[in-house]
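Chemist: As you go down the protein sequences, you meet chains A and B in turn.
Take 1 as the starting number for the first sequence in the numbering used here and just add one per residue.
Take 1 as the starting number for the second sequence in the numbering used here and just add one per residue.
One thing to keep in mind: the hints can contain errors.
Said to hold, decoys possible - Under the rule of at most 27 Å between Cα atoms (straight-line distance), these lysine-lysine pairs were calculated in the DSSO-like manner:
hint	chain 1	residue 1	chain 2	residue 2
1	B	Lys196	A	Lys406
2	A	Lys154	A	Lys103
3	A	Lys436	B	Lys326
4	A	Lys524	A	Lys495
5	B	Lys34	B	Lys208
6	B	Lys241	A	Lys436
7	B	Lys183	B	Lys34
8	A	Lys436	B	Lys322
9	A	Lys524	A	Lys110
10	A	Lys436	A	Lys524
11	B	Lys241	B	Lys183
12	B	Lys196	B	Lys326
Since the hints were derived computationally from the structure, they do not count as laboratory data.
Quick caveat, the model's predicted, so the values are computed rather than measured.
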Amino acid sequence: MSPTALAEKTPDSPARQIVESAVVRFAGDSGDGMQLTGGQFTLATAFAGNELATFPDFPAEIRAPAGTLFGVSSFQINFGSRVIKTAGDAFDVLIAMNPAALKVELPGLKPGGIIIADTGSFGERDLRKAGYDANPLEDGSLDGYQLIALDISKFTLEAVKESGLSNKDALRCKNLWTLGFVYWMYGRDRKPTADWLNAKFKKAPEVAAANIAAMDAGHTVAETMELPDGLHGFQVEAAEIAPGTYRTVTGAEALAWGLAAGTHLADIQMVFASYPITPASQVLHSLSRLVEYDVLTFQAEDEIAAACAAIGASFGGSLGVTSSSGPGIALKTEAIGLAIAVELPMVIVNSQRAGPSTGMPTKTEQSDLYQAVYGRNADAPVCVLAARSPADCFETAIEAVRIAIKYMTPVFLLTDGYIGNAAEPWNIPDINNFEKIPVSFRTDPEGFHPFLRDEETLARPWAIPGTPGLEHRIGGIERDYDSGNISYDPGNHQKMTDTRFAKIAGIAKEIPAQTVEDGNTTGKLAVVGWGSTYGPISRAVANSRAQGMDVSHIHLRHIWPMPQNLGELLKGYDHVLVPEMNHGQLVTVLRAEYLIDAEGMNKVSGQPFKIVEIEDAIRTRLEK
Amino acid sequence: MNVVTPPEALSPKDFATDQEVRWCPGCGDYAILKGVQKTLADIGARPENTVFVSGIGCAARFPYYMATYGFHTIHGRAPAFATGLKLANPELDVWLVSGDGDALSIGGNHLFHLLRRNLDVQFLLFNNEIYGLTKGQYSPTSRVGTQSPSTPWGSLDNPASATVFALGAGAKFVARGIDTNQKHLPTVLTRAHAHKGASFVEIFQNCKVYNDGVFENFTGRDVSADMQIFVEHGKPLTFGKDGDKGLILNTKSLTLKIATIGENGVTEDDILVHDETNLMIATLLAHMEPPTMPVALGVLYCAEGVSYDEEVGELVRDHGRKGKDKPDFNALLRAGRTWEVS
Numbered sequence: 001m002s003p004t005a006l007a008e009k010t011p012d013s014p015a016r017q018i019v020e021s022a023v024v025r026f027a028g029d030s031g032d033g034m035q036l037t038g039g040q041f042t043l044a045t046a047f048a049g050n051e052l053a054t055f056p057d058f059p060a061e062i063r064a065p066a067g068t069l070f071g072v073s074s075f076q077i078n079f080g081s082r083v084i085k086t087a088g089d090a091f092d093v094l095i096a097m098n099p100a101a102l103k104v105e106l107p108g109l110k111p112g113g114i115i116i117a118d119t120g121s122f123g124e125r126d127l128r129k130a131g132y133d134a135n136p137l138e139d140g141s142l143d144g145y146q147l148i149a150l151d152i153s154k155f156t157l158e159a160v161k162e163s164g165l166s167n168k169d170a171l172r173c174k175n176l177w178t179l180g181f182v183y184w185m186y187g188r189d190r191k192p193t194a195d196w197l198n199a200k201f202k203k204a205p206e207v208a209a210a211n212i213a214a215m216d217a218g219h220t221v222a223e224t225m226e227l228p229d230g231l232h233g234f235q236v237e238a239a240e241i242a243p244g245t246y247r248t249v250t251g252a253e254a255l256a257w258g259l260a261a262g263t264h265l266a267d268i269q270m271v272f273a274s275y276p277i278t279p280a281s282q283v284l285h286s287l288s289r290l291v292e293y294d295v296l297t298f299q300a301e302d303e304i305a306a307a308c309a310a311i312g313a314s315f316g317g318s319l320g321v322t323s324s325s326g327p328g329i330a331l332k333t334e335a336i337g338l339a340i341a342v343e344l345p346m347v348i349v350n351s352q353r354a355g356p357s358t359g360m361p362t363k364t365e366q367s368d369l370y371q372a373v374y375g376r377n378a379d380a381p382v383c384v385l386a387a388r389s390p391a392d393c394f395e396t397a398i399e400a401v402r403i404a405i406k407y408m409t410p411v412f413l414l415t416d417g418y419i420g421n422a423a424e425p426w427n428i429p430d431i432n433n434f435e436k437i438p439v440s441f442r443t444d445p446e447g448f449h450p451f452l453r454d455e456e457t458l459a460r461p462w463a464i465p466g467t468p469g470l471e472h473r474i475g476g477i478e479r480d481y482d483s484g485n486i487s488y489d490p491g492n493h494q495k496m497t498d499t500r501f502a503k504i505a506g507i508a509k510e511i512p513a514q515t516v517e518d519g520n521t522t523g524k525l526a527v528v529g530w531g532s533t534y535g536p537i538s539r540a541v542a543n544s545r546a547q548g549m550d551v552s553h554i555h556l557r558h559i560w561p562m563p564q565n566l567g568e569l570l571k572g573y574d575h576v577l578v579p580e581m582n583h584g585q586l587v588t589v590l591r592a593e594y595l596i597d598a599e600g601m602n603k604v605s606g607q608p609f610k611i612v613e614i615e616d617a618i619r620t621r622l623e624k
Numbered sequence: 001m002n003v004v005t006p007p008e009a010l011s012p013k014d015f016a017t018d019q020e021v022r023w024c025p026g027c028g029d030y031a032i033l034k035g036v037q038k039t040l041a042d043i044g045a046r047p048e049n050t051v052f053v054s055g056i057g058c059a060a061r062f063p064y065y066m067a068t069y070g071f072h073t074i075h076g077r078a079p080a081f082a083t084g085l086k087l088a089n090p091e092l093d094v095w096l097v098s099g100d101g102d103a104l105s106i107g108g109n110h111l112f113h114l115l116r117r118n119l120d121v122q123f124l125l126f127n128n129e130i131y132g133l134t135k136g137q138y139s140p141t142s143r144v145g146t147q148s149p150s151t152p153w154g155s156l157d158n159p160a161s162a163t164v165f166a167l168g169a170g171a172k173f174v175a176r177g178i179d180t181n182q183k184h185l186p187t188v189l190t191r192a193h194a195h196k197g198a199s200f201v202e203i204f205q206n207c208k209v210y211n212d213g214v215f216e217n218f219t220g221r222d223v224s225a226d227m228q229i230f231v232e233h234g235k236p237l238t239f240g241k242d243g244d245k246g247l248i249l250n251t252k253s254l255t256l257k258i259a260t261i262g263e264n265g266v267t268e269d270d271i272l273v274h275d276e277t278n279l280m281i282a283t284l285l286a287h288m289e290p291p292t293m294p295v296a297l298g299v300l301y302c303a304e305g306v307s308y309d310e311e312v313g314e315l316v317r318d319h320g321r322k323g324k325d326k327p328d329f330n331a332l333l334r335a336g337r338t339w340e341v342s
């Protein structure tokens with residue numbers, strides 16, 4: 001197909017094509033503003049009443065050399081009039097702001113999908129940098145797609161001519177021009193973005209005006225030009241969405257607010273101590289603004305200090321929280337061991353990323369499950385929870401705070417780079433609907449010692465400095481069961497180790513029984529997931545069930561201890577399949593705990609599972 | 001009307017726990033423990049508001065012997081625990097106890113940040129120039145050539161000066177004492193306690209088992225008068241058996257030298273007067289070492305500065321609840337762009 005010619009449309013242009021859902025991927029250079037463009041498209045789409053899920057996918061380099069393959073920054077959104085659970089597999093529309101973006105992203109485009117490309121960025125040098133010998137927009141290699149090749153650079157310069165911006169600054173409005181174009185394609189309202197631009201560039205109104213002009217121009221061009229055959233724009237009807245007040249939320253935001261909600265419900269201060277690390281820093285940024293909500297943040301000198309400061313804060317009667325990603329968690333490990341030994345509440349957030357070592361900091365993985373469950377010296381059990389989606393981070397974080405305080409224990413809260421960065425619409429909950437988290441600081445000196453335990457939970461009392469009569473010493477040396485004093489007694493160490501184990505195992509008594517997300521409680525195949533694989537698994541299982549397959553979806557929030565009924569539940573299926581973005585961690589734990597023949601399905605490419613990959617695995621399993 | 005009864009005065013013994021002290025016989029730590037307990041009684045410290053935080057090492061057992069709150073943490077990280085503790089409750093009176101390995105080897109990073117941050121705590125560094133608890137390896141303050149189980153032919157690396165390090169890190173209060181000098185040590189600790197911000201005190205502590213007598217060249221009975229100088233703000237820097245020795249500043253080379261009053265026309269007016277607010281004088285004093293120079297003891301440096309605790313308090317005043325009873329959490333969740341679905 002040849003590049004589109006500009007031509008006036010006839011007034012009786014055909015109506016928009018109605019589609020149930022669409023996947024759009026914005027791709028460009030790191031400096032092209034693709035994340036911003038995607039974010040605005042997300043907001044406009046949410047306002048249009050669609051269900052949606054997003055996947056920001058960007059390089060670790062802050063400003064990678066322009067035009068390179070490794071400098072491509074992308075943002076994917078899946079939206080529709082039906083329930084959307086993932087950012088989508090193959091995309092319907094690819095926006096390629098330069099040859100590198102086209103080269104990197106083309107394999108993900110559906111056959112016959114739409115490409116919007118900026119010919120102004122397809123010069124000889126740009127092509128060479130991306131490794132193209134010939135211009136793919138002209139050599140017929142894209143014949144299997146619907147190509148909309150436009151000189152977006154030139155259009156943008158024309159649109160913002162009046163603004164007085166330099167050429168360079170004017171060209172930076174290209175992304176808004178493109179956004180305007182895509183807005184027209186999907187019938188999106190431009191006003192929220194215009195409002196946002198005006199607010200963002202309050203101090204530079206000429207920049208706001210130029211960007212708005214570019215967006216409007218892109219919209220007008222799309223409206224008036226003749227698109228490839230049969231393309232008249234799309235309409236995605238509003239989804240049936242539960243009533244309520246909504247906002248878009250990323251996992252990092254929801255997690256930060258969830259932690260703050262937890263300490264708010266407990267009516268204590270949170271001290272959040274952290275050291276910047278990708279992709280966890282956003283949680284620190286969000287919480288640093290919440291001083292009004294009794295949150296103090298502390299950017300420590302390193303990961304270890306962050307963990308230690310959190311524990312020190314818990315000793316003092318605040319809830320200490322620390323947050324990092326795998327390599328940083330590794331550094332905190334010794335401190336976490338101390339928190340286990342002295343039995344202080346603490347929440348440790350791990351925004352997992354691809355590893356080992358530095359690995360791929362901006363790419364997602366869920367390979368720190370072993371680290372959370374087992375990764376310490378000695379017998380050092382902790383509670384481990386995992387959030388499944390951006391919105392789920394809120395509730396899971398509250399749960400982490402609740403368990404940490406009730407059981408006087410560190411709690412791991414696992415999320416990952418995908419959940420942290422991805423946004424979804426969120427039916428904002430009412431804080432008053434959450435149960436309060438009771439906190440009782442010990443004040444009575446009568447019969448007190450620091451390891452006097454609650455008979456039911458086995459938790460020790462929270463006795464904080466400043467309380468007269470309760471002066472006591474705690475530390476890493478083994479403590480006597482009956483006094484808390486230093487003890488090297490063999491029998492005592494056995495008893496304390498058993499007690500620490502029993503305390504954590506006892507959490508299982510209060511966590512909800514494991515339910516089945518979708519499908520029957522017995523059958524041929526259970527697909528068991530945890531964390532961010534929730535989206536693709538649930539869609540794949542739903543699709544497979546719609547085709548009559550006997551498959552069920554079970555998704556764990558409680559990784560350690562596991563729900564009491566989980567073993568029995570899993571034994572009710574002929575096969576258990578465990579898709580994970582690691583080399584097989586939960587599957588090993590399930591096999592070890594329940595002696596079942598669970599089978600792994602593993603992907604460690606830094607990319608989330610595609611629905612189709614899990615559908616294929618389900619089919620193969622059932623055909624066995 | 002409520003009658004407020006003043007808390008009964010506590011004696012040093014009231015700050016001792018019932019736990020058996022387990023340092024080696026003759027360890028300098030016993031003397032320091034006594035000095036600290038006396039100081040707490042002297043300053044009228046309340047056990048419930050006092051917290052001792054330590055890392056790992058012989059010195060780090062200290063909290064177990066204090067009838068206050070205590071936290072024996074992990075190696076080198078006591079400053080970080082103390083920071084979190086003070087963020088939770090800035091009213092607490094927090095003392096950190098550390099050794100040369102804990103503070104300057106594994107914990108050098110944290111000590112540096114504690115001092116530059118100026119957290120309002122007292123940091124006591126028991127310097128015995130050796131690793132005691134791990135049985136005698138050389139430490140970052142050991143002199144070159146120290147023979148130890150890990151350095152059979154003598155240590156190779158240059159030692160660090162704890163006090164020079166503290167000054168370099170930006171500490172606003174830097175002082176020194178000697179374990180066995182029970183008259184002097186409590187006065188230094190009292191000053192450290194009175195100072196707002198991070199107060200750093202290096203205490204020369206003899207390790208009877210692994211490094212006995214390492215400080216003899218300035219603590220020995222026969223040499224101490226000539227090899228120790230007790231600095232006092234506003235007073236001339238004199239020392240010696242007869243008090244006739246003094247420090248003179250060579251203004252050309254910016255170095256200190258020893259002079260004797262009454263010799264070569266030197267009068268008391270020529271002797272440098274200690275100004276504890278002067279970083280340059282403190283630095284010159286900190287660098288003095290035997291055998292050529294005496295060891296400076298007392299408060300070398302004490303300057304005004306805003307503590308981290310105060311900065312955090314101000315942040316909370318400016319951006320916190322501002323008198324509001326309980327913040328409206330629902331308002332937080334609904335701030336920004338929202339939309340209604342009905």
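Chemist: All the hints need checking, so say for each whether the structure fits it.
Modeler: Verification of the supplied hints:
1. Lys196/B - Lys406/A: Between lysine 196/B and lysine 406/A the Cα gap is close to 36 Å, so the pair fails against 27 Å, i.e. violated.
2. Lys154/A - Lys103/A: holds (22 Å)
3. Lys436/A - Lys326/B: holds (14 Å)
4. Lys524/A - Lys495/A: Violated. Lysine 524/A to lysine 495/A sits at ~43 Å, over the 27 Å cutoff.
5. Lys34/B - Lys208/B: holds (17 Å)
6. Lys241/B - Lys436/A: violated (70 Å)
7. Lys183/B - Lys34/B: Answer holds: lysine 183/B to lysine 34/B is near 11 Å, not above 27 Å.
8. Lys436/A - Lys322/B: holds (24 Å)
9. Lys524/A - Lys110/A: Given that 27 Å is the threshold and the Cα spacing comes to 32 Å, the pair is violated.
10. Lys436/A - Lys524/A: violated (41 Å)
11. Lys241/B - Lys183/B: With Cα atoms ~18 Å apart, lysine 241/B and lysine 183/B stay inside 27 Å; holds.
12. Lys196/B - Lys326/B: violated (31 Å)
Of the numbered hints listed earlier, those contradicted by the structure are 1, 4, 6, 9, 10 and 12.
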